[in-house]
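J.: Listed here are the chains, written in short residue letters.
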Amino acid sequence: MAIPFSYNVRSVIGRPWATLATAVGIGMVVAILVLALALANGFQAALVETGSPSNVIVMRKGADSELSSGVSREGANIIRALPDVAAGADGRPLVSPEVLVLINQERQNGRGTSNVTIRGVDREGLTLRDRVRIVAGRDISPGAAEVIIGKRIADRFEGFRLGDRVRLNQRDFTVVGHFTAGGSGFESEVWGDNAVLMPVLRGDVFQSVTFRMKDPTRFAAIKQQLEADPRLGVQLKRESEYYADLAGTLATTMRVAGLFIVIIMAVGAIFAAMNTMFASIGSRSREIATMLTLGFGPGAIMLAFLVESILIAFAGGVIGCLLALPINGTATSTTNFSTFSEIAFAFQITPMILGIGIVFALGLGVVGGILPAWKASRQPLAAAMRAM
Amino acid sequence: MELLSLVWTNLMRNKVRTVLTTLSVFVALFLFCLLHGVTDTLTESTKVGSERRLVTRNKLSLVFPLPMSHLEKIRAVPGVSALTWSNWFGGEDPVNPREFYAKFAVDSKTYFPLYASDMEIVAASPAPEGTPVPPGVPANLAAYMNERTACVVGEGLLKKMGWKLGQTIRVNGTIYPGSWAYTIRGVYRPKVKAMDAETMFFHWDYLYENTNRNAMVGIYQFALSDPTQAAAVGKRIDDLFENSAYATHTETERAFQAGFVSMFGNIPFVIMVIGLAVAFSIFLVAAVTMMMAIRERTPEFAVLKTLGFADGSLFFMVLAEASAITLTGGIAGSLLAKFLLEKSGLGLPGFSVMFVHWETVLLGIGVAALMGAFSGLLPAWQASRLKIVDALRKVG
Amino acid sequence: MAQIEVQNVRKVYRRDQFEVPVLDGLTLSVEEGDFIALMGPSGSGKTTLLNLIGGIDQPTSGSITVDGVNTAALKTRELAKWRSRHVGFIFQLYNLMPVLTAEQNVALPLLLVKGMKAKERRERARLALDIVGLGERLDHYPRQLSGGQEQRVAIARAIVTDPTLILADEPTGDLDRSAAGEILSLLEKLNSEFKKTIVMVTHDPHAAEKAHRMVHLEKGVLSANGG
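As they're listed, the protein sequences go chains A, B and C. Per our numbering, residue 1 is the first one in the first sequence, and the count goes up by one each step. Per our numbering, residue 1 is the first one in the second sequence, and the count goes up by one each step. Per our numbering, residue 1 is the first one in the third sequence, and the count goes up by one each step.
One thing to keep in mind: the hints can contain errors.
[As the list claims (entries may be wrong)] Stretches of chain C that chain A covers, calculated by requiring three or more beta carbons in the stretch to come under 8 Å of a beta carbon on chain A:
| no. | stretch |
| --- | --- |
| 1 | 70–81 |
| 2 | 91–103 |
[Unchecked claim] Some chain A residues near chain C, calculated using beta-carbon distances under 10 Å:
| no. | residue |
| --- | --- |
| 3 | 3 |
| 4 | 7 |
| 5 | 287 |
| 6 | 293 |
None of these hints come from the bench; they were simulated from the model. Built from N, CA and C at the ideal position, the CB exists for glycine as well.
With these hints in hand, go ahead and build the complete structure from the sequences.
T.: See the structure below:
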């Protein structure tokens with residue numbers, strides 16, 4: 001009882017300019033949607049994958065991030081002696097007390113300055129973050145005034161090439177290597193030996209202590225025990241949870257802003273799609289009247305035009321995804337205001353995001369097409385016949 | 001003038017199409033100007049800071065403090081006048097931790113005189129008659145000056161948090177742990193664009209005493225006795241501390257604030273690109289629609305020509321039609337964007353006030369006019385060059 | 001009873017606030033197998049009468065009975081169904097779907113027949129096209145056919161569901177003499193060989209000659225009955 005699909009397909013193709021323009025218009029909206037979601041996704045991925053659920057990060061009670069936290073040497077020692085702490089291959093406890101500061105560094109291409117995180121780690125620090133790999137140069141020699149730079153920021157800032165020197169409070173640190181860390185936020189940091197960095201930067205206080213749990217399921221018990229200890233005055237979080245929280249605000253802001261723009265664009269696209277469909281239907285009133293004459297019902301007419309609108313929108317969705325794909329993997333960076341430091345991340349498009357884009361396009365097709373399709377189905381037969 | 005009424009009749013003939021096309025243009029331009037407004041605000045904020053005041057911070061980054069011992073040394077540098085300092089407190093509101101606002105511990109007796117030109121105290125708790133205030137401090141801050149735990153808040157902040165003058169507020173310290181209490185003794189209103197209305201200021205001494213005298217200075221701020229000497233004075237100060245444990249970096253307040261904007265990275269650029277993509281795509285559809293609409297009317301143009309209308313007037317008519325649609329949508333969209341962004345609560349994090357320059361609105365309207373011309377030009381030219389005979393043949 | 005019984009039919013159109021009476025108490029009978037030419041000046045209501053007979057429109061008052069069914073009383077949905085089974089239409093401007101091939105155009109009405117498979121639709125369409133002499137043009141699009149060929153495809157479409165009644169509105173109006181002649185011969189064949197009842201609106205005296213009788217309309221009523 002339905003009007004043949006080939007009729008719809010060929011009618012759409014038969015009006016190439018209008019179809020193309022509308023599809024491109026819808027495509028742009030879909031592309032922006034996909035990219036906005038990919039941006040938030042990439043950002044979140046960078047931060048979320050930063051921590052491991054088997055690691056615990058200890059900070060001062062009340063601090064909202066490592067930056068405003070402080071843990072004393074005594075506190076670090078107490079933690080090191082805990083039975084719950086896992087031991088490394090060499091038998092030493094896997095504990096890394098760390099200092100964290102920000103330095104203001106010049107971006108490349110004269111695009112101003114931004115804050116970059118410097119983290120002082122113990123030997124165990126590298127083992128604790130098991131996705132860290134040196135990809136250029138070498139690791140730091142213990143006790144040396146050397147630093148390694150995360151790959152993501154190595155190319156974005158001045159003075160981070162191998163052999164360059166970073167000056168911190170009258171001491172020069174040589175850049176001896178670049179590292180990756182599975183795409184996580186650590187790739188936007190500068191790492192150095194704690195023993196050398198601490199006296200230069202912060203004196204006697206660490207910002208945090210990170211350790212690996214022997215039995216990750218005991219986290220709740222460990223947390224309760226340590227947080228109640230009056231000598232320490234600390235709060236505990238799973239490392240993965242800590243970084244997920246940091247990502248939260250900015251990722252949400254990105255998604256909200258992206259969605260806002262997309263919705264406005266979608267409204268414009270819907271008007272445009274409606275316009276195209278009205279025009280298309282207007283020029284085909286004789287065809288519609290003929291169909292009605294032959295005995296096709298208004299329902300079939302409405303469905304047919306709705307299908308056409310959806311076809312155009314689908315084409316637009318595909319165009320949009322194709323437009324967005326080349327941007328996948330492009331790195332960008334911004335300041336994460338939760339940590340006040342620069343975080344570099346990349347657009348990350350997933351099949352799910354592409355799927356959302358297509359579904360969104362189809363939605364646009366339905367919303368834009370429904371009114372014109374309904375109007376087409378209400379076309380009074382006799383009136384059209386008389387015009388013939 | 002009959003021509004214009006013809007244009008109007010034609011536009012009204014297919015109301016749906018005219019309205020939809022105008023709406024498309026409206027939305028496109030609205031978004032275009034909105035996004036441009038974001039970029040405008042960001043660039044604007046790099047230009048509004050004072051160039052007569054300088055800021056000295058730790059050379060490594062803002063995260064590192066400066067010692068009190070720098071105070072007298074900086075004061076002694078020639079060219080420095082009216083020196084003060086402040087410290088970023090951090091902290092969270094215990095009731096709404098997500099509702100963030102800036103809090104500074106300042107040396108009140110020197111801070112408020114230095115910034116008197118930037119803010120005006122519009123409300124203050126009363127103090128006993130004749131209570132003295134330090135020179136340069138607004139007289140109505142007498143109560144504030146004499147209370148250790150008092151604070152001054154921006155009127156925007158007061159409204160946003162639902163506070164009242166005289167109320168005691170609490171803050172959970174993050175950098176300086178503990179529960180801190182403040183009493184609101186003054187409300188300020190910014191007098192310049194560089195200042196916002198959502199900051200809280202309190203006494204440096206309160207912070208100093210409650211941190212076992214360990215709190216250090218965040219930044220030093222001062223005015224220049226000779227405004228043309230900014231670079232020279234800055235260099236003098238930085239050279240002074242170059243080899244100390246706390247090297248400094250001195251720059252104008254404008255440069256300092258611009259530094260924050262540069263933290264956004266190339267986001268402004270991305271926004272611009274999106275704005276252009278948006279405008280382009282929707283215009284494309286509007287343009288094609290208009291072109292198709294006009295092409296359908298070829299027979300009518302032939303008839304008009306038979307009646308004696310000149311080629312030129314047909315050209316004008318078609319162009320007028322296309323332009324009417326795009327200009328209506330364009331002007332409305334641009335103006336709405338300006339109005340919405342500036343008057344409503346929408347905003348970027350950290351920017352309580354947004355701007356859309358008039359130049360942007362004009363740009364938007366210009367783009368709309370251009371689009372009208374572009375989509376009307378080809379059909380207009382075709383309409384005017386039409387040979388009556390050819391066109392009429394299509395009618396039958 | 002005649003196949004078509006038009007009884008005292010009035011049709012009034014509303015244009016904005018004006019009422020335009022087009023048919024004013026018209027009565028007409030058509031026997032099965034008849035071939036009638038409806039003639040008259042512009043605005044006399046011939047096309048309107050055709051539309052009423054064919055169930056495209058319904059009268060303001062009066063009755064129209066075709067094959068025993070009073071179409072004036074049917075609801076729109078039932079009317080559509082009735083049309084698809086009992087009537088075949090032929091128009092002056094052919095009204096083929098430009099994006100479908102000849103075969104697909106002809107098969108279109110068959111989509112409304114419940115339970116017919118694609119294979120059978122194809123066979124019937126081909127058969128219809130053979131009858132009109134266009135068996136080799138199955139895959140052509142309307143733009144690839146001449147005016148006369150297009151009209152023949154339209155005729156094939158009109159007969160593919162094997163209706164007893166064919167209604168033609170100025171079928172030769174847009175054709176040159178020789179093409180018109182072919183179409184008229186075809187209509188004659190459908191009437192004499194296949195026993196289809198044909199009601200044809202026309203201006204063309206040559207076309208009218210092919211009919212068995214002529215009916216004249218003037219200002220909404222029958223004027224004289226031709227021989």
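J.: Among all the numbered hints in the text so far, which are the ones the structure does not match?
T.: none
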